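2 protein chains.
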Amino acid sequence: MEITPWEVKGEVNYEKLIKEFGLKIIDNEILKSFEKKVKNLHFLLKRKIFFAHRDLDVCLNNDFYLYTGRGPSGPMHIGHIIPFYFTKWLQEEFKTNVYIEITDDEKFLVKTNSYEEIKNFANENILDIAAIGFDRNRTFIFRDTEYIKNIYPLALKIAKKINFNTIKAVFGLKSSNNIGIIFFPSIQMVPCFFEKRYCLIPAAVDQDPYWRLQRDIAEKLGYKKSCQIHGKFLPPLIGLKGKMSTSLPTTAIFLNEDEKSIRNKIYKHAFSGGQPSVELHRKLGGNPDVDVSFQWLYFFFEEDDNKLKKIEEDYRSGKLLTGELKDILIEKIVKFLEKFREERDKAKNYVDDYLYNGKLAQLMWETIFE
Amino acid sequence: MEITPWEVKGEVNYEKLIKEFGLKIIDNEILKSFEKKVKNLHFLLKRKIFFAHRDLDVCLNNDFYLYTGRGPSGPMHIGHIIPFYFTKWLQEEFKTNVYIEITDDEKFLVKTNSYEEIKNFANENILDIAAIGFDRNRTFIFRDTEYIKNIYPLALKIAKKINFNTIKAVFGLKSSNNIGIIFFPSIQMVPCFFEKRYCLIPAAVDQDPYWRLQRDIAEKLGYKKSCQIHGKFLPPLIGLKGKMSTSLPTTAIFLNEDEKSIRNKIYKHAFSGGQPSVELHRKLGGNPDVDVSFQWLYFFFEEDDNKLKKIEEDYRSGKLLTGELKDILIEKIVKFLEKFREERDKAKNYVDDYLYNGKLAQLMWETIFE
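Sequence order for the protein chains is A and B.
Okay, so the first sequence: first residue is 5 according to our numbering, each after it adds one.
Okay, so the second sequence: first residue is 5 according to our numbering, each after it adds one.
Check each hint, because a few of them may be wrong.
Same chains, same label: a pair holds when it works inside one copy or across any pair of copies.
Dumping the calculated DSS-like pairs for lysine-lysine here, alpha-carbon to alpha-carbon at most 27 Å [stated by the list, open to error]:
hint, residue 1, residue 2
1, K115, K229
2, K40, K115
3, K123, K50
4, K165, K123
5, K165, K52
6, K228, K115
7, K352, K153
8, K92, K28
9, K200, K123
Don't read these hints as lab results, they were simulated from the structure.
Predicted, not measured: the structure shown is a model, and the values here were computed from it.
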C-alpha cells in the first residue's frame, strides 16, 4: 500500500491508515452526537464510508465552515463526486459556508497535460460540481490560478513556516520533484484559514498530509487547527485494490459516459464475487464483500438500507445472479447520471453564482488574505 | 568571497566571477559597437562599473526591452539606485520598455520582517524608483504580490522545468530553506518572457543565478535566452569588502538621510586612503584605489572625467587632503539627494502611471502570461 495525494497503490488498509495518520475512527459514539445535530444521519456516515476523523467532535460542538476541493486532471468519475454529495448534505444540515478549491496549478505541475488541457478540465469539473446543488450564496468555487492574488500573501506566510525537509517527510517528495509542487502545499492549506470558525474538511483520506501539516503550523500563525472527516475510496471497477483512476478508464465510470458504455464496462470489467457457473452460484452463493457491483451499491447507489440488505442476502444465498446484480447497479447508475446531467445543464445558468456572483463569492473576491 | 542573491560576503573578485559565472567582459570592442548606437557612452560603461555581460552584442543588433528589479527589504541606499539610473539611460537611448519587478514576496520569505513591514518598504522603494524619471508610458513597476495573478501561470510553466536539485546547485539553497524561497526563482524569471523581443537585464552581478537558470530553460519553453549587463557593487563606506547593507547602516548612505547624518557618516566611517597625519599625507600622498570617498566619486558622483582625474592626481600627490576629498563627496551627495527628493515629491503625483495608468502599465494589467 502506498498513499500520497498523487498516488494510491495497492489494497488500501484503512485500519493501518488510521494508525499511521493518527486519525480517530468514526464510531457509534460520535455518530450519536452527530445524530443529535441533524435530521437524519447520512448513509455515508452510517455505513462508515466516511470512516475516520480529526476533531469532528470539536466541530459538532462549535461553529464551523466546510472546505473541500478537486484536482482537475481529467473528466470526473463517480468516485470523485461522493465527497461532494456528502459535503452538500453537511452544508444543508449546518447551514454553513462551503469553499471548493480547484487545484489547477497542482495538476498542471504533476501531470503531463498542457496548461490549456488542465484549464478545460477545470471548466468541465466546475460544472460537474455545480450540478450537485450547493447553496448558491454560501458556496465559493475557485480556481487557484484565478484566485491566486487573494491567497498568495497568506500562502507566503504558510510557506515561510515550512522547509523542504518537512515536505520530504510529510509528502514523500524528493529533490528531483519540481519546485512548483514543492511550494504547492502552501496553496492547498490557505482555505483552512479562510474563516475564524473551525474548518471541517470532508475529503478522501489521501489528502491527509496537507491537513497534518496545517495542524502543525496553524497555531503558530494565529489560526485554528483544521478538522477532518475522511472518506474511503470507491473501489475501482476491476477489483478492490487502489482507487479509480482517470488514466485507466476501465477502472471507473465517468459522469459523461453513456448507457451503452456503462453497461459494457460493468458487464466486462466489474469484478464479480459470483461463482464460475449459474449452477455453482445457485448452490454456493456469491460473495458481496469482494463484488464491486455490490460495493458500489453499498458505497453510493442504494441509499435504502433495507433494499441493500435484501440484495446482499439474495446474492450471498445464490438467489441473485451476478448478471442480475450488475443490472441493478447499471439501472441505478444510468438513472443517477440522467438526473445528474439534467442538473448539469441547468447549472450552466448559475455556475457563475459559485464563482463570482453569489453572496459568499462576492465577499471572497473582495478579500485579500494577508 | 561568497555571492548569492541573498548574501555578499568578503571582497568581491570580479575577475573570478566572470570566470565562474561564464560572463563576458565589457571590453573596448563591445564599447565601440555600443558607441555607434547611442549619443554618448554612459560613464558607468566607460568606467566599466557595468563590467560584464552576456549577449549584449545580440541585444545591440536586435530589438530589446529592459528588465530590472528591487527587493524591498528596507529603505534604499545609494548603491541600490545606480543600476536604475543606468537603466533609465538605456531606455532613453533605445526608446524601449522597462519592467521593474518589486519582489516583495521574496523579501518576506527571506527576511525576518513582517508582511506589513515589507509592504511599507515596497511603497517607499517604488517612490524612490519613480523619482528617477523613467518614461511613464514605457515603464511598468509591479509588486509580485499584486501582479501575481497575471504571472502565476507562466511561473508554473517555469517551475515545472526546474527541480530542487537544480535550485540547490544554482542558488546554494538547502533542504532547510523554506518552500517559498525554493519556488521563488520561477517568479523572478517570468519578466524575462514578457516580450518576444530580447530581454536585457541591467542589474548587480549577485542576481546572475536567476539569469543562468532562465537561459537553461528559455528555449525549452519556446522563448529567447535573456541577456545581461552586470554592475559592480558600490563599495561600502567602511571599506572595499562586501556590499552596502541596509542592516549595517554605517556601510551606506540612504536616500532619505539628512545632510548632518551624511557628513557625520562620511567623516567617521568612510574608509580613507590617506596618511595618518597631514604632514605624512603631503609628503607621501593618498591612495585613491582604496579610498572609499574617491571610489564613490568614481562610481557615481563625479560624472566629469576631467574633474575626476584632477581629484585623483591631487589626492595621489598629497595636494588634496582626506578631509577635503570627503568634503567634495559630501557636497556631491547632498546636492544629489536634494534634487532626488524634489523629484520624489513630484513623483507622488505620477507614480500611478508606472503602476497602473501609463500605456505600458495598462497593457500589462490586461495581459495574463500563460
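Cross-check of the supplied hints:
Taking CA atoms no more than 27 Å apart as the test, K115 paired with K229 passes between copies only; the shortest distance there is 26 Å, against 30 Å inside one copy. With identical chains, the CA atoms of K40 and K115 are never at most 27 Å apart, being 44 Å at best within one copy and 50 Å at best between copies. With identical chains, the CA atoms of K123 and K50 are never at most 27 Å apart, being 37 Å at best within one copy and 51 Å at best between copies. With identical chains, the CA atoms of K165 and K123 are at most 27 Å apart between copies only, with a shortest distance of 19 Å across copies and 30 Å within one.
For the identical chains of this complex, K165 and K52 are neighbours neither inside a copy (35 Å) nor across copies (42 Å), given an alpha-carbon limit of 27 Å. In this assembly of identical chains, the alpha carbons of K228 and K115 lie at most 27 Å apart only when taken from different copies (25 Å versus 32 Å within one copy). With identical chains, the CA atoms of K352 and K153 are at most 27 Å apart both within one copy (26 Å) and between copies (25 Å). Proximity of K92 and K28 under a CA criterion of 27 Å is satisfied intra-copy only: 23 Å inside one chain copy versus 62 Å between copies.
Taking the shortest alpha-carbon separations for K200 and K123, only the inter-copy value of 24 Å comes in at or below 27 Å, while the best intra-copy value is 31 Å.
Hint violations for this structure: numbers 2, 3 and 5, all remaining hints satisfied.
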